[in-house]
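K.L.:
When you get a sec, could you build the whole thing from the sequences and use the hints?
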Amino acid sequence: MMRHTKPLLARKTLLIVALLYSITITGLFFVSGKDLPKTQISDADKILHLVIYFILVNLWLLYLYVKNSYQFKAKWILILLLAVLVYGIVIEIFQELLTDSRSADILDVAANLIGALLGIFFFKNVKHKLKA
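For the sequence shown, position 102 (counting from the first letter as 1) is numbered 206 according to this note's numbering, and the numbering increases by one without interruption.
FYI, nobody ran anything at the bench for these hints, they're computed from the structure.
If you're wondering where the values come from, they're calculated on a predicted model, not measured in any experiment.
You may find that some hints are simply not true.
[As the list claims (entries may be wrong)] No farther apart than 25 Å at their CA atoms in a straight line, the calculated lysine to any residue pairs in the SDA-like style are these: (1) Lys150 x Thr130; (2) Lys179 x Val194; (3) Lys116 x Lys231; (4) Lys171 x Tyr125; (5) Lys171 x Ile127; (6) Lys150 x Gln199.
[As the list claims (entries may be wrong)] Derived DEER-like restraints, expressed as beta-carbon distance ranges: (7) Glu200 x Asn172: 31 to 39 Å; (8) Ala208 x Lys171: 27 to 35 Å; (9) His232 x Ala208: 32 to 40 Å; (10) Ile218 x Thr130: 17 to 25 Å; (11) Val135 x Ile193: 14 to 22 Å; (12) Val194 x Ser136: 18 to 26 Å.
For glycine and all other residues, C-beta sits at the position ideal for the given N, C-alpha and C.
P.N.:
Below is the structure:
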């Protein structure tokens, strides 16, 4: 019985973490630009977008990987990549339409895509270490 319970709990935990992260970043993308900390790095927001999407993709890939008995299918990559790309575009459009201090930026979408692609590359190269 415990043999089946542990993987189930792991899957549910990973799903909850991925969902909470997704919800949290969605909220943060609508925080007023005036409330964000200022940095001396010129493209810090693009680096932040890249890191956020790197983590986002890895959380969802980890969940899918564990959920499907440590099997990794190429179609998951394509579906996830398209989903996060659409998500990023929708967020940018909503920032433009629904906030006064944020605007849509195609470079943010590009940074999101690069972060997602780097995340996929990273996951594909470390996934074999997760079967322990």
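K.L.:
Now tell me, hint by hint, if it's right for this structure.
P.N.:
Going through the hints against the structure:
1. Lys150 x Thr130: Given that 25 Å is the threshold and the Cα spacing comes to 16 Å, the pair holds.
2. Lys179 x Val194: The given pair, whose Cα atoms are some 22 Å apart, holds under the 25 Å limit.
3. Lys116 x Lys231: 19 Å, holds
4. Lys171 x Tyr125: Since the Cα atoms of Lys171 and Tyr125 sit roughly 18 Å apart, the hinted pair holds (cutoff 25 Å).
5. Lys171 x Ile127: 21 Å, holds
6. Lys150 x Gln199: 16 Å, holds
7. Glu200 x Asn172: 31 to 39 Å: 37 Å, holds
8. Ala208 x Lys171: 27 to 35 Å: Cβ of Ala208 to Cβ of Lys171: about 34 Å, so the range 27 to 35 Å holds.
9. His232 x Ala208: 32 to 40 Å: 39 Å, holds
10. Ile218 x Thr130: 17 to 25 Å: Since the Cβ atoms of Ile218 and Thr130 sit about 20 Å apart, the hinted range of 17 to 25 Å holds.
11. Val135 x Ile193: 14 to 22 Å: This hint holds: roughly 19 Å between Cβ atoms.
12. Val194 x Ser136: 18 to 26 Å: Given about 19 Å between the Cβ atoms, the range holds.
Every hint, counting from the list given before, is met by this structure.
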